[in-house]
Structures are given as structure tokens and as C-alpha cells.
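Kindly produce the complete structure, drawing on both the sequences and the hints.
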Amino acid sequence: MRGHENVRKRVLIQAACCNLGLLLRGLTGVGTPRSLQGGLLRRFGA
-2 MRGHENVRKR
8 VLIQAACCNL
18 GLLLRGLTGV
28 GTPRSLQGGL
38 LRRFGA
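Just so you know, my numbering puts 27 at position 30 of the sequence shown, and the rest follows in order with no gaps.
Each hint should be verified, as a subset may be incorrect.
As the list claims (entries may be wrong) - Straight-line distance between alpha carbons at most 25 Å, and here's what the computed SDA-like set of lysine to any residue pairs gives:
#1 K6 x L19
#2 K6 x N16
#3 K6 x L17
#4 K6 x T25
#5 K6 x L20
#6 K6 x G18
Hints are computed from structural coordinates only; laboratory data are not their basis.
Structure (C-alpha cells):
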């Protein structure tokens, strides 16, 4: 990525994703949105 502004945006998004993973692990015991999606599909049989 070029420019300081783009680098800053990328770092902010990466930090937000990391924090989201920590929140999901703490609240549901699932660490990623993908694994949460798979768990819901298994529970409801879709």
C-alpha cells in the first residue's frame, strides 16, 4: 500500500479484527467469524 494514510487505515482494520476475535472468543468461545458461521449451520442443520 502506498502512502502513510493507507498504511494507517490497514493497521487500524487489522487491530479492529484482532479485537473482534478476542471479543468473540470471550463471549461465545469461538474465535473467528468463519468458525462461528460453521457452528451455527451445524446447530440448525442447514
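Status of each hint after checking the structure:
Distance hint between K6 and L19 is fulfilled; the C-alpha atoms sit about 20 Å from each other, no more than 25 Å. Between K6 and N16 the alpha-carbon distance is near 15 Å, which keeps this suggested pair within the 25 Å criterion. Note on K6 and L17: the hinted pairing holds, with a Cα-Cα distance of about 16 Å set against a maximum of 25 Å. Pair hint K6 plus T25 does not hold up; C-alpha atoms about 28 Å apart against a cutoff of 25 Å.
In summary, the hint linking K6 to L20 is supported, as the alpha carbons are separated by about 21 Å, within the 25 Å threshold. Straight-line distance between C-alpha atoms of K6 and G18 comes to about 19 Å, which keeps the hinted pair within the 25 Å bound.
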